[in-house]
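Each residue of the sequence shown is one higher than the one before, counting from 4 in this note's numbering.
These are computed hints drawn from the structure, not numbers from a lab. All C-beta atoms, glycine included, are put in the ideal place defined by N, C-alpha and C. Where hints are given, some of them may not hold.
Computed spacing ranges between beta-carbons, pair by pair [to be verified]:
#1 LYS259 <-> ARG197: 36 to 44 angstroms
#2 LYS146 <-> LEU226: 48 to 56 angstroms
#3 PHE61 <-> GLU203: 32 to 40 angstroms
#4 GLY24 <-> ASP47: 20 to 28 angstroms
#5 ARG197 <-> ILE39: 56 to 64 angstroms
#6 GLU165 <-> ILE362: 46 to 54 angstroms
#7 ASN228 <-> LEU293: 55 to 63 angstroms
#8 ARG109 <-> SER55: 49 to 57 angstroms
#9 ILE34 <-> LEU14: 28 to 36 angstroms
#10 LEU23 <-> ARG109: 13 to 21 angstroms
#11 LYS90 <-> VAL35: 36 to 44 angstroms
#12 ALA232 <-> ILE65: 52 to 60 angstroms
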Amino acid sequence: MKLRFPGIKILDRYIIGKFLGTYIFAIAMIIVIVVIFDYVEKIDDFTETKASVREVIFDYYINFIPYFINQFSGLFTFIAVIFFTSKMAYQTEIIAMLSGGMSFRRLMWPYFIGALIISAASLSLNMWVIPVAQRDKVAFENKHLRSRLNTKYDRHIYRQTEPGQFVYIRGYNDGQSTASFFTLEEYDGGTIVRSLEAAEARFDPETKRWSAQRYTLRTFDSLGNETFARFRNLDTLINLDVAEIGQISHMIKTLKIRELDRFLEAQRAKGSGSINIIEVEKHTRFSYPLGTFVLTLIGVSLSSRKVRGGTGLHIGIGTALCFSYILFNRFAEEFAKSGSVNPGIAVWTPNVIYLGIAIYLYVKAPK
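Generate the whole structure from the sequences, applying the supplied hints.
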(Lines of atoms letter the chains of each structure in order from A and count residues from 1; the text may use other names and numbers.)
(Lines give C-alpha, C1' and ligand atoms only; values in the text may rest on other atoms or scores of the structure.)
Protein backbone atom coordinates (compact mmCIF):
# COMPACT_ATOMS: atom_id res chain seq x y z
CA MET A 1 0.00 0.00 0.00
CA LYS A 2 1.50 3.28 -1.11
CA LEU A 3 1.20 6.46 0.91
CA ARG A 4 -0.02 9.40 -1.13
CA PHE A 5 0.58 12.97 -0.11
CA PRO A 6 -1.60 15.73 -1.51
CA GLY A 7 0.05 18.24 -3.76
CA ILE A 8 0.29 21.96 -3.02
CA LYS A 9 -2.86 23.60 -4.36
CA ILE A 10 -4.02 27.22 -4.49
CA LEU A 11 -5.90 26.87 -1.20
CA ASP A 12 -2.81 25.32 0.42
CA ARG A 13 -0.65 28.22 -0.73
CA TYR A 14 -3.26 30.63 0.59
CA ILE A 15 -3.22 29.05 4.10
CA ILE A 16 0.58 28.66 4.17
CA GLY A 17 0.98 32.27 3.11
CA LYS A 18 -1.44 33.43 5.81
CA PHE A 19 0.30 31.26 8.40
CA LEU A 20 3.87 32.33 7.69
CA GLY A 21 2.90 35.93 6.93
CA THR A 22 1.10 36.34 10.26
CA TYR A 23 3.95 34.61 12.09
CA ILE A 24 6.62 36.85 10.55
CA PHE A 25 4.55 39.99 11.11
CA ALA A 26 3.99 39.14 14.80
CA ILE A 27 7.68 38.35 15.32
CA ALA A 28 8.79 41.56 13.56
CA MET A 29 6.44 43.78 15.57
CA ILE A 30 7.53 42.31 18.91
CA ILE A 31 11.23 42.46 17.98
CA VAL A 32 10.99 46.17 17.17
CA ILE A 33 9.30 46.86 20.52
CA VAL A 34 11.75 44.68 22.50
CA VAL A 35 14.82 46.20 20.83
CA ILE A 36 13.59 49.75 21.52
CA PHE A 37 12.94 49.02 25.21
CA ASP A 38 16.21 47.10 25.57
CA TYR A 39 18.18 49.93 23.98
CA VAL A 40 16.58 52.55 26.25
CA GLU A 41 17.45 50.39 29.27
CA LYS A 42 21.08 49.87 28.25
CA ILE A 43 21.92 53.20 26.58
CA ASP A 44 23.79 54.43 29.68
CA ASP A 45 26.06 51.36 29.59
CA PHE A 46 26.66 51.76 25.85
CA THR A 47 27.58 55.43 26.33
CA GLU A 48 29.75 54.88 29.40
CA THR A 49 31.78 52.08 27.81
CA LYS A 50 31.95 53.93 24.47
CA ALA A 51 30.39 51.13 22.44
CA SER A 52 30.28 52.09 18.76
CA VAL A 53 27.08 52.01 16.72
CA ARG A 54 28.53 49.15 14.66
CA GLU A 55 29.24 47.10 17.81
CA VAL A 56 25.78 47.74 19.26
CA ILE A 57 24.02 46.73 16.03
CA PHE A 58 26.18 43.92 14.68
CA ASP A 59 27.80 42.46 17.82
CA TYR A 60 24.78 42.73 20.10
CA TYR A 61 21.37 43.16 18.46
CA ILE A 62 22.02 41.09 15.33
CA ASN A 63 23.05 38.24 17.64
CA PHE A 64 20.26 38.95 20.13
CA ILE A 65 17.43 38.70 17.58
CA PRO A 66 17.87 34.99 16.58
CA TYR A 67 17.88 33.98 20.24
CA PHE A 68 14.73 36.00 20.94
CA ILE A 69 12.91 34.62 17.88
CA ASN A 70 13.72 31.05 18.81
CA GLN A 71 12.90 31.53 22.49
CA PHE A 72 9.34 32.59 21.71
CA SER A 73 8.82 30.84 18.37
CA GLY A 74 6.22 28.46 19.80
CA LEU A 75 4.19 31.30 21.27
CA PHE A 76 4.19 33.29 18.04
CA THR A 77 3.36 30.19 16.00
CA PHE A 78 0.38 29.56 18.21
CA ILE A 79 -0.79 33.18 18.12
CA ALA A 80 -0.44 33.26 14.32
CA VAL A 81 -2.50 30.06 13.89
CA ILE A 82 -5.19 31.19 16.32
CA PHE A 83 -5.44 34.67 14.82
CA PHE A 84 -5.85 33.92 11.12
CA THR A 85 -7.72 30.60 11.55
CA SER A 86 -10.34 32.09 13.88
CA LYS A 87 -10.71 34.97 11.44
CA MET A 88 -11.29 32.47 8.61
CA ALA A 89 -13.83 30.63 10.79
CA TYR A 90 -15.64 33.88 11.67
CA GLN A 91 -15.89 34.73 7.96
CA THR A 92 -17.26 31.17 7.32
CA GLU A 93 -14.33 30.33 5.04
CA ILE A 94 -13.62 27.09 6.88
CA ILE A 95 -17.29 26.10 6.75
CA ALA A 96 -17.19 26.63 2.98
CA MET A 97 -14.08 24.46 2.67
CA LEU A 98 -15.59 21.60 4.69
CA SER A 99 -18.94 21.91 2.89
CA GLY A 100 -17.11 21.70 -0.43
CA GLY A 101 -15.92 18.19 0.38
CA MET A 102 -12.54 18.94 2.00
CA SER A 103 -11.90 16.79 5.08
CA PHE A 104 -10.58 18.34 8.26
CA ARG A 105 -7.52 16.12 7.98
CA ARG A 106 -6.87 17.51 4.50
CA LEU A 107 -7.30 21.02 5.88
CA MET A 108 -4.46 20.33 8.32
CA TRP A 109 -2.01 19.59 5.47
CA PRO A 110 -0.99 23.22 4.69
CA TYR A 111 -0.80 24.00 8.42
CA PHE A 112 1.69 21.20 8.95
CA ILE A 113 3.74 22.39 5.96
CA GLY A 114 3.92 25.83 7.59
CA ALA A 115 4.79 24.21 10.95
CA LEU A 116 7.49 22.14 9.22
CA ILE A 117 9.09 25.28 7.77
CA ILE A 118 9.06 27.05 11.15
CA SER A 119 10.25 23.93 12.99
CA ALA A 120 13.13 23.37 10.52
CA ALA A 121 14.20 27.02 10.86
CA SER A 122 14.00 26.80 14.68
CA LEU A 123 15.98 23.55 14.71
CA SER A 124 18.70 25.09 12.53
CA LEU A 125 18.90 28.12 14.79
CA ASN A 126 19.18 25.87 17.86
CA MET A 127 21.85 23.60 16.44
CA TRP A 128 24.21 25.97 14.67
CA VAL A 129 23.24 29.65 14.41
CA ILE A 130 22.36 30.67 17.97
CA PRO A 131 25.46 29.12 19.64
CA VAL A 132 27.75 31.17 17.37
CA ALA A 133 25.62 34.29 17.86
CA GLN A 134 25.68 33.79 21.63
CA ARG A 135 29.50 33.85 21.68
CA ASP A 136 29.63 37.32 20.13
CA LYS A 137 26.70 38.51 22.24
CA VAL A 138 28.27 37.32 25.51
CA ALA A 139 31.62 38.86 24.55
CA PHE A 140 29.88 42.20 23.93
CA GLU A 141 27.95 41.99 27.22
CA ASN A 142 31.09 41.25 29.22
CA LYS A 143 32.80 44.24 27.64
CA HIS A 144 30.05 46.85 27.61
CA LEU A 145 27.29 45.95 30.08
CA ARG A 146 27.78 46.58 33.79
CA SER A 147 25.06 44.06 34.62
CA ARG A 148 27.30 41.29 33.23
CA LEU A 149 30.34 42.18 35.31
CA ASN A 150 31.27 39.55 37.91
CA THR A 151 28.35 37.36 36.90
CA LYS A 152 29.96 35.00 34.45
CA TYR A 153 31.82 33.06 37.14
CA ASP A 154 30.58 31.80 40.48
CA ARG A 155 32.45 32.96 43.58
CA HIS A 156 33.13 29.38 44.65
CA ILE A 157 33.81 26.80 41.92
CA TYR A 158 34.24 23.09 42.61
CA ARG A 159 34.80 20.70 39.69
CA GLN A 160 35.92 17.13 39.18
CA THR A 161 38.70 17.01 36.60
CA GLU A 162 39.40 13.27 36.63
CA PRO A 163 38.17 10.29 38.68
CA GLY A 164 39.44 10.94 42.19
CA GLN A 165 40.72 14.46 41.40
CA PHE A 166 38.86 17.68 42.27
CA VAL A 167 39.72 21.34 41.90
CA TYR A 168 38.41 24.24 43.97
CA ILE A 169 38.71 27.79 42.60
CA ARG A 170 37.66 30.89 44.52
CA GLY A 171 37.24 34.41 43.17
CA TYR A 172 38.18 33.83 39.53
CA ASN A 173 38.70 37.06 37.58
CA ASP A 174 38.22 36.55 33.84
CA GLY A 175 39.85 39.84 32.85
CA GLN A 176 43.11 39.06 34.68
CA SER A 177 42.82 35.25 34.42
CA THR A 178 43.56 34.91 38.15
CA ALA A 179 41.96 33.17 41.12
CA SER A 180 42.30 34.39 44.70
CA PHE A 181 42.62 30.78 45.86
CA PHE A 182 43.30 27.49 44.04
CA THR A 183 43.13 23.96 45.49
CA LEU A 184 43.77 20.63 43.76
CA GLU A 185 42.66 17.59 45.77
CA GLU A 186 43.24 13.88 45.16
CA TYR A 187 41.11 11.12 46.71
CA ASP A 188 41.54 7.36 47.01
CA GLY A 189 38.34 5.46 47.75
CA GLY A 190 36.63 8.57 49.06
CA THR A 191 39.55 9.50 51.36
CA ILE A 192 41.69 12.53 50.65
CA VAL A 193 45.38 11.67 50.14
CA ARG A 194 46.84 14.92 48.79
CA SER A 195 45.92 18.59 48.59
CA LEU A 196 47.76 21.33 46.71
CA GLU A 197 46.85 24.90 47.74
CA ALA A 198 47.90 28.25 46.28
CA ALA A 199 46.84 31.86 46.65
CA GLU A 200 46.73 34.27 43.69
CA ALA A 201 46.95 31.52 41.09
CA ARG A 202 47.09 32.53 37.43
CA PHE A 203 45.68 30.68 34.44
CA ASP A 204 47.34 30.81 31.00
CA PRO A 205 44.60 30.48 28.31
CA GLU A 206 47.14 29.42 25.68
CA THR A 207 49.01 26.68 27.55
CA LYS A 208 46.04 25.79 29.86
CA ARG A 209 48.47 25.78 32.83
CA TRP A 210 48.02 27.20 36.34
CA SER A 211 50.91 29.01 38.04
CA ALA A 212 51.57 30.67 41.40
CA GLN A 213 54.56 32.13 43.20
CA ARG A 214 54.03 30.00 46.31
CA TYR A 215 52.00 26.91 47.13
CA THR A 216 51.49 24.37 49.91
CA LEU A 217 51.37 20.61 49.43
CA ARG A 218 49.52 18.60 52.08
CA THR A 219 49.66 14.78 52.19
CA PHE A 220 47.62 12.38 54.33
CA ASP A 221 48.61 8.83 55.26
CA SER A 222 46.26 5.87 55.86
CA LEU A 223 45.97 6.81 59.54
CA GLY A 224 44.84 10.35 58.72
CA ASN A 225 48.13 11.98 59.73
CA GLU A 226 48.89 15.15 57.81
CA THR A 227 52.22 16.48 56.60
CA PHE A 228 52.75 19.62 54.58
CA ALA A 229 55.51 21.46 52.82
CA ARG A 230 55.77 24.86 51.16
CA PHE A 231 57.21 25.36 47.67
CA ARG A 232 57.76 28.15 45.18
CA ASN A 233 56.85 28.60 41.50
CA LEU A 234 53.85 26.36 40.95
CA ASP A 235 53.34 25.30 37.33
CA THR A 236 50.70 22.61 36.80
CA LEU A 237 48.40 21.35 34.05
CA ILE A 238 44.97 19.95 34.91
CA ASN A 239 42.19 18.51 32.79
CA LEU A 240 39.99 21.61 33.06
CA ASP A 241 39.42 24.35 30.51
CA VAL A 242 38.67 27.84 31.78
CA ALA A 243 35.31 27.71 29.96
CA GLU A 244 34.28 24.86 32.26
CA ILE A 245 34.65 26.97 35.40
CA GLY A 246 32.09 29.48 34.21
CA GLN A 247 28.39 29.11 34.83
CA ILE A 248 27.67 25.94 32.85
CA SER A 249 24.14 27.01 31.91
CA HIS A 250 25.55 30.08 30.13
CA MET A 251 28.56 28.41 28.55
CA ILE A 252 26.74 25.46 26.94
CA LYS A 253 24.46 27.83 25.02
CA THR A 254 27.53 28.84 23.00
CA LEU A 255 28.23 25.28 21.81
CA LYS A 256 27.01 23.86 18.52
CA ILE A 257 25.27 20.50 18.74
CA ARG A 258 28.39 18.44 17.95
CA GLU A 259 30.45 20.50 20.39
CA LEU A 260 27.73 20.01 23.00
CA ASP A 261 27.83 16.22 22.47
CA ARG A 262 31.61 16.15 22.89
CA PHE A 263 31.43 18.37 25.97
CA LEU A 264 28.75 16.11 27.48
CA GLU A 265 30.91 13.01 26.98
CA ALA A 266 33.93 14.76 28.50
CA GLN A 267 31.92 15.79 31.56
CA ARG A 268 30.58 12.25 31.96
CA ALA A 269 34.14 10.93 31.94
CA LYS A 270 35.04 13.40 34.69
CA GLY A 271 31.97 12.52 36.75
CA SER A 272 30.81 16.14 36.61
CA GLY A 273 27.82 17.25 38.64
CA SER A 274 26.54 19.31 35.69
CA ILE A 275 25.45 16.36 33.53
CA ASN A 276 21.74 17.05 34.05
CA ILE A 277 22.08 20.70 33.01
CA ILE A 278 23.88 19.74 29.81
CA GLU A 279 21.38 16.98 28.95
CA VAL A 280 18.46 19.38 29.49
CA GLU A 281 20.06 21.83 27.06
CA LYS A 282 20.52 19.07 24.47
CA HIS A 283 16.95 17.76 24.73
CA THR A 284 15.36 21.23 24.61
CA ARG A 285 17.14 21.99 21.34
CA PHE A 286 15.03 19.24 19.77
CA SER A 287 11.84 19.33 21.84
CA TYR A 288 11.00 23.02 21.38
CA PRO A 289 11.09 22.99 17.56
CA LEU A 290 9.05 19.77 17.41
CA GLY A 291 6.57 21.30 19.84
CA THR A 292 5.61 23.61 16.96
CA PHE A 293 3.52 20.79 15.46
CA VAL A 294 1.69 20.21 18.75
CA LEU A 295 0.87 23.90 19.18
CA THR A 296 -0.23 24.15 15.54
CA LEU A 297 -2.63 21.21 15.93
CA ILE A 298 -4.07 22.72 19.12
CA GLY A 299 -4.41 26.12 17.48
CA VAL A 300 -6.25 24.88 14.38
CA SER A 301 -8.53 22.51 16.30
CA LEU A 302 -9.45 25.22 18.79
CA SER A 303 -10.00 28.14 16.42
CA SER A 304 -11.65 26.42 13.43
CA ARG A 305 -15.07 26.58 15.09
CA LYS A 306 -17.17 29.71 14.54
CA VAL A 307 -18.30 31.12 17.90
CA ARG A 308 -19.83 34.30 19.19
CA GLY A 309 -17.26 36.89 20.13
CA GLY A 310 -15.15 36.37 17.01
CA THR A 311 -11.40 35.92 17.31
CA GLY A 312 -11.14 37.34 20.83
CA LEU A 313 -12.41 34.21 22.59
CA HIS A 314 -10.15 31.93 20.56
CA ILE A 315 -7.10 34.10 21.20
CA GLY A 316 -7.86 34.26 24.93
CA ILE A 317 -8.28 30.50 25.38
CA GLY A 318 -5.41 29.70 23.04
CA THR A 319 -2.99 32.10 24.72
CA ALA A 320 -3.84 30.62 28.14
CA LEU A 321 -3.11 27.12 26.80
CA CYS A 322 0.13 28.23 25.18
CA PHE A 323 1.41 30.00 28.29
CA SER A 324 0.56 26.95 30.41
CA TYR A 325 2.60 24.85 27.94
CA ILE A 326 5.60 27.20 28.23
CA LEU A 327 5.29 27.31 32.02
CA PHE A 328 5.08 23.51 32.20
CA ASN A 329 8.25 23.28 30.10
CA ARG A 330 10.13 25.62 32.45
CA PHE A 331 9.06 23.68 35.56
CA ALA A 332 10.05 20.39 33.93
CA GLU A 333 13.49 21.77 33.03
CA GLU A 334 14.17 22.91 36.60
CA PHE A 335 13.16 19.52 38.01
CA ALA A 336 15.47 17.82 35.50
CA LYS A 337 18.41 20.13 36.31
CA SER A 338 18.05 19.40 40.01
CA GLY A 339 18.25 15.67 39.32
CA SER A 340 14.72 14.95 40.56
CA VAL A 341 13.62 13.63 37.16
CA ASN A 342 15.42 12.08 34.20
CA PRO A 343 16.25 14.98 31.81
CA GLY A 344 14.89 13.23 28.71
CA ILE A 345 11.60 12.31 30.38
CA ALA A 346 11.18 15.76 31.96
CA VAL A 347 11.85 17.76 28.78
CA TRP A 348 9.64 15.64 26.52
CA THR A 349 6.73 15.14 28.95
CA PRO A 350 5.07 18.53 28.19
CA ASN A 351 5.06 17.70 24.47
CA VAL A 352 3.49 14.29 25.15
CA ILE A 353 0.81 15.70 27.47
CA TYR A 354 -0.11 18.58 25.16
CA LEU A 355 -0.11 16.20 22.19
CA GLY A 356 -2.86 14.34 24.04
CA ILE A 357 -4.74 17.63 24.47
CA ALA A 358 -4.19 18.40 20.77
CA ILE A 359 -5.58 15.01 19.69
CA TYR A 360 -8.64 15.48 21.92
CA LEU A 361 -9.33 18.94 20.44
CA TYR A 362 -8.77 17.57 16.94
CA VAL A 363 -11.37 14.84 17.51
CA LYS A 364 -13.84 17.41 18.86
CA ALA A 365 -13.17 19.94 16.09
CA PRO A 366 -15.97 20.56 13.53
CA LYS A 367 -15.72 18.14 10.59
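Hints versus structure:
1. LYS259 <-> ARG197: 36 to 44 angstroms: Given range 36 to 44 angstroms: holds, Cβ gap about 38 angstroms.
2. LYS146 <-> LEU226: 48 to 56 angstroms: Holds, since LYS146 and LEU226 (Cβ atoms, about 53 angstroms apart) stay within the stated range.
3. PHE61 <-> GLU203: 32 to 40 angstroms: Holds - the Cβ-Cβ distance for PHE61 and GLU203, about 38 angstroms, lies within 32 to 40 angstroms.
4. GLY24 <-> ASP47: 20 to 28 angstroms: violated (38 angstroms)
5. ARG197 <-> ILE39: 56 to 64 angstroms: Roughly 57 angstroms apart at Cβ, these two residues keep to the hinted range, so it holds.
6. GLU165 <-> ILE362: 46 to 54 angstroms: holds (49 angstroms)
7. ASN228 <-> LEU293: 55 to 63 angstroms: Holds, since ASN228 and LEU293 (Cβ atoms, about 59 angstroms apart) stay within the stated range.
8. ARG109 <-> SER55: 49 to 57 angstroms: With a Cβ separation near 54 angstroms, ARG109 and SER55 satisfy 49 to 57 angstroms, so the hint holds.
9. ILE34 <-> LEU14: 28 to 36 angstroms: Given range 28 to 36 angstroms: holds, Cβ gap about 30 angstroms.
10. LEU23 <-> ARG109: 13 to 21 angstroms: Given range 13 to 21 angstroms: holds, Cβ gap about 19 angstroms.
11. LYS90 <-> VAL35: 36 to 44 angstroms: Once the Cβ atoms are compared, 23 angstroms apart, the range 36 to 44 angstroms for VAL35 and LYS90 is violated.
12. ALA232 <-> ILE65: 52 to 60 angstroms: holds (55 angstroms)
Checked against the numbered hints listed earlier, the structure breaks hints 4 and 11; every other hint is satisfied.
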